[in-house]
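K.L.:
Residue numbers (my numbering), protein chains in the order written: chain C, 1482 to 1825; chain L, 17 to 366.
Keep in mind the hints are simulated off the structure, nothing from the lab. Check each hint, because a few of them may be wrong.
These stretches of chain L come out as covered by chain C in the derived footprint (C-beta under 8 angstroms, 3 or more residues) [unchecked claim]:
{"no.": "1", "stretch": "72-84"}
{"no.": "2", "stretch": "144-150"}
{"no.": "3", "stretch": "211-221"}
{"no.": "4", "stretch": "319-327"}
25 angstroms max Cα-Cα, derived BS3-like pairs, lysine-lysine [said to hold, decoys possible]:
{"no.": "5", "chain 1": "C", "residue 1": "1520", "chain 2": "L", "residue 2": "237"}
{"no.": "6", "chain 1": "C", "residue 1": "1724", "chain 2": "L", "residue 2": "133"}
{"no.": "7", "chain 1": "L", "residue 1": "182", "chain 2": "C", "residue 2": "1615"}
{"no.": "8", "chain 1": "L", "residue 1": "108", "chain 2": "C", "residue 2": "1566"}
{"no.": "9", "chain 1": "L", "residue 1": "366", "chain 2": "C", "residue 2": "1550"}
{"no.": "10", "chain 1": "L", "residue 1": "50", "chain 2": "L", "residue 2": "133"}
{"no.": "11", "chain 1": "C", "residue 1": "1483", "chain 2": "L", "residue 2": "50"}
{"no.": "12", "chain 1": "L", "residue 1": "131", "chain 2": "C", "residue 2": "1707"}
{"no.": "13", "chain 1": "L", "residue 1": "50", "chain 2": "C", "residue 2": "1487"}
{"no.": "14", "chain 1": "C", "residue 1": "1804", "chain 2": "L", "residue 2": "366"}
{"no.": "15", "chain 1": "L", "residue 1": "323", "chain 2": "C", "residue 2": "1512"}
{"no.": "16", "chain 1": "L", "residue 1": "182", "chain 2": "C", "residue 2": "1619"}
{"no.": "17", "chain 1": "L", "residue 1": "349", "chain 2": "C", "residue 2": "1520"}
Note that the structure is predicted; figures quoted are calculated from it, not measured. Every residue gets a Cβ at the ideal spot worked out from N, C-alpha and C, and that includes glycine.
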Amino acid sequence: MKVFKKIIAWAMLSIILQISILYVLNNIVFKHTSEFASKPIEVKKDTTKDIKATILSTAKDVSISYNGKYLSYKENDALFLEDSKTGISNQVKTENDGTILYYDWLQDRDVLVIAEKIKKDGKYKIQLTTYDAKSATKTVVKEICTYKDNTKVKKITASTLTGVFYIDIDTGGSKNIVYRIDRNNDMKEVTLKTLILGNMQVIPHADRLIYEDKINGKFYVTNPNKQLEFNSNKKLTLLGIDKNDVLYMGELNGDKITSITYGKVDEDTSKWKKVTLDSVVNDDDLYFSNESEILINDNLKGSVKNLTTGKELAYEGKLVQIKEDFIALKDTEGKLTYKSLKEK
Amino acid sequence: MKTNKNSKNSKNSKPQNKTKIKKIKKKNKRFSIKTIVVFLAFELLFTAFTFPFILLYGPFETAKSTYVGAAMTSASHQFLAKWFLSDEKIAKIQGQNTVEVTSETTDTSQIDIPKIKDDTIEINQLDGNSKYSGYWMLIKDPTRVKIGYTSKLKVEGETTSQIAEKNGAIAAINGGGFVDQSSSAEWTGNGGLPTGVIISGGEIKHDDLGGGKTTSLGITKNGTMLVGNFSVAELKEKGVQEAVSFYPALIINGKMTQISGDGGFGIAPKTAIGQRKDGAIIFLVIDGRELGSLGATVKEVQEIMFKLGCLNAMNLDGGKSTTMYYDGEIINKPSNSMGERTIATAIIVK
Chain C
1482 MKVFKKIIAW AMLSIILQIS ILYVLNNIVF KHTSEFASKP IEVKKDTTKD IKATILSTAK
1542 DVSISYNGKY LSYKENDALF LEDSKTGISN QVKTENDGTI LYYDWLQDRD VLVIAEKIKK
1602 DGKYKIQLTT YDAKSATKTV VKEICTYKDN TKVKKITAST LTGVFYIDID TGGSKNIVYR
1662 IDRNNDMKEV TLKTLILGNM QVIPHADRLI YEDKINGKFY VTNPNKQLEF NSNKKLTLLG
1722 IDKNDVLYMG ELNGDKITSI TYGKVDEDTS KWKKVTLDSV VNDDDLYFSN ESEILINDNL
1782 KGSVKNLTTG KELAYEGKLV QIKEDFIALK DTEGKLTYKS LKEK
Chain L
17 MKTNKNSKNS KNSKPQNKTK IKKIKKKNKR FSIKTIVVFL AFELLFTAFT FPFILLYGPF
77 ETAKSTYVGA AMTSASHQFL AKWFLSDEKI AKIQGQNTVE VTSETTDTSQ IDIPKIKDDT
137 IEINQLDGNS KYSGYWMLIK DPTRVKIGYT SKLKVEGETT SQIAEKNGAI AAINGGGFVD
197 QSSSAEWTGN GGLPTGVIIS GGEIKHDDLG GGKTTSLGIT KNGTMLVGNF SVAELKEKGV
257 QEAVSFYPAL IINGKMTQIS GDGGFGIAPK TAIGQRKDGA IIFLVIDGRE LGSLGATVKE
317 VQEIMFKLGC LNAMNLDGGK STTMYYDGEI INKPSNSMGE RTIATAIIVK
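Given the sequences, and given the hints that come with them, work out the whole structure.
P.N.:
Written as structure tokens, this is what we have:
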């Protein structure tokens, strides 16, 4: 009888255990549920670490790609790309004794846009190409025009969103021509309201070009055509445009900028925001961030200040460039370092 | 339960009335090694014999159908269900977990593709759920979403990251199905041989439908995502530039498709894609087969996509294939011991 009782007790113990486990499985573990909460996560990686590149003292026009992975520079008229993490440099080659007339990084790609002089069928021509830094491959976009002596490619502005390029070509002296090339590589000449062009800039989200009439100091937008009028008696300059299509205009005193007016082209320019700078700056000491904030480099003080947030980042060495997430610096030996702008 | 406790107590209390010596003797006897071994052996055997019956004939419906579903969808463990249940009973339990194939397909006029492109990509962590965790990615410009496929099609698969990197994509998730079999054994497919259809850049890269239809996802030139049962000819006719096949369709024209029970796919890591009314495309990955995140059923995935506002959505290949990639990094935790699995197709964001 005792043994029988014992078996019953043990069996009950087992059954109780099983039922509890199944209850948990049934009602908690396997329970049908699609309840959830969402929280955004920061996916940006720290690009400022492990930089091994060195900028040679003979290197000119050092420019860093948007994410800091590559830097481009010129040495003895040859264009080089350097991988910032390995420090390995490679020359960007051109075909048929071509010469690179102009190059610039695309806004948010590790891709260079290049205008080169090439010889084709016995004639010199200007050709637009892009160069992918990662795969080291070149893509020919379009043959633009014939090259004559004194022809200069003054500027290329492009939008990776709309896929258009605008190329400003100075034909020597008294006339600028701007060509527009679209995603299908179709090219047309842009009708301008001036012969001599100052700066120009494409709007990232719209296929519209903003340009300066250097003769009269006026500013125009294309497609549809419109003049941008500003209530200022000082000389103005087109400083740049950010990722949100916000345009930045500088008031000049000599060649230094004293104040910045900014807004979108479709907004009334009298309602644009204006900041007067504490001290005058050069336009290459300015950066306009993806959050539409203005960053200013102060070389003497050794700091980069965010005018919008008031945050200031002190640095040592010489500033190479301000980028979206970091500032690029070099020491006296030319060793490159990045300092994050996003750290709290 | 109560009677059991009482009987135990009475048994314990009895010796207490006797002398001290006897009590100690009794205690020694009670905890002798032999008793413990017998006790454990009994519990083990008894549990092993009764558990299948309590599970399969007891009141725990969810646990029962999960167990049967898991056993029956595996290749070599079907006996775990077949030993204890008649075929009819299995069919009945599985019949509660089914997906109905609908003839409805996406009505493209319901999706408003924005004229002005916004290249924003947002990644969100999905938490607060007791059973699973995951991530969902929002791609505001649907025209950036393309189908990438292994560069060694029909020979060898590539990982989601490899497909993304080779195509210069910023983000990616794993895509459609593939034959999970090598020449020698099942479940050893290297991901090289896709199933269904692949259209990439407007070109048909793979088609094993022979003119028939299968549940597919297509993206037109302007970025509208189609979900439904399509033949290759229908996809072409609708101007689809990118397409991949898997199943089931989860949401079509704002309506959840008929999924009974858990859908019959079991609880596992899952991948899904959907499009909101404003054209934004959503990638979803649910991690699984690990502590803290078991995975989700296809029904749960359907409800998540619905709650995220998808007007059209489709389930993609899950399990060990489930991967989300962004800018050189894997966002989720693929349940494959060797890291990412090599697969045939990925949905990429260029």
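K.L.:
Does each hint fit the structure? Answer for all of them.
P.N.:
Going through the hints against the structure:
Here's how the stretch 72-84 of chain L fares: 6 of its residues keep a CB closer than 8 angstroms to some CB of chain C, so the rule of at least three is met and the hint holds. Requiring three or more residues with a Cβ within less than 8 angstroms of a Cβ of chain C, the coverage given for the stretch 144-150 of chain L holds, as 4 such residues are present. Counting residues of the stretch 211-221 of chain L whose CB lies closer than 8 angstroms to any CB of chain C gives 0, which falls below the minimum of 3, so the coverage claim is violated. Counting residues of the stretch 319-327 of chain L whose CB lies closer than 8 angstroms to any CB of chain C gives 3, which reaches the minimum of 3, so the coverage claim holds.
Annotation: proposed proximity of residue 1520 of chain C to residue 237 of chain L is violated, straight-line Cα distance about 32 angstroms (limit 25 angstroms). A hinted pair counts as satisfied when its Cα atoms are at most 25 angstroms apart, and residue 1724 of chain C with residue 133 of chain L qualifies at roughly 12 angstroms. Between residue 182 of chain L and residue 1615 of chain C the CA atoms are separated by roughly 11 angstroms; this keeps the pair inside 25 angstroms, and the hint holds. Note on residue 108 of chain L and residue 1566 of chain C: the hinted pairing is violated, with a Cα-Cα distance of about 61 angstroms set against a maximum of 25 angstroms.
Under the criterion of a C-alpha separation no larger than 25 angstroms, the hint pairing residue 366 of chain L with residue 1550 of chain C is consistent with the structure, at around 19 angstroms. Proximity of residue 50 of chain L to residue 133 of chain L is assessed by CA-CA distance (about 76 angstroms); at most 25 angstroms being required, the pair is judged violated. The hinted pair formed by residue 1483 of chain C and residue 50 of chain L meets the criterion: a straight-line CA distance of about 17 angstroms does not exceed 25 angstroms. With a CA separation close to 22 angstroms, the supplied pair residue 131 of chain L and residue 1707 of chain C stays within the 25 angstroms bound.
Between the alpha carbons of residue 50 of chain L and residue 1487 of chain C the distance comes to roughly 15 angstroms, so the proposed pair stays at or under 25 angstroms and holds. For the suggested pair residue 1804 of chain C and residue 366 of chain L, the alpha carbons sit about 23 angstroms apart, so the restraint of at most 25 angstroms is met. Proximity of residue 323 of chain L to residue 1512 of chain C is assessed by CA-CA distance (about 18 angstroms); at most 25 angstroms being required, the pair is judged to hold. Using a Cα cut-off of 25 angstroms, the hinted pair residue 182 of chain L and residue 1619 of chain C holds, with the two alpha carbons roughly 16 angstroms apart.
Distance check on the hinted pair: residue 349 of chain L and residue 1520 of chain C sit about 17 angstroms apart at the alpha-carbon level, within 25 angstroms; holds.
Hint compliance for this structure: hints 3, 5, 8 and 10 are not met, and every other hint is.
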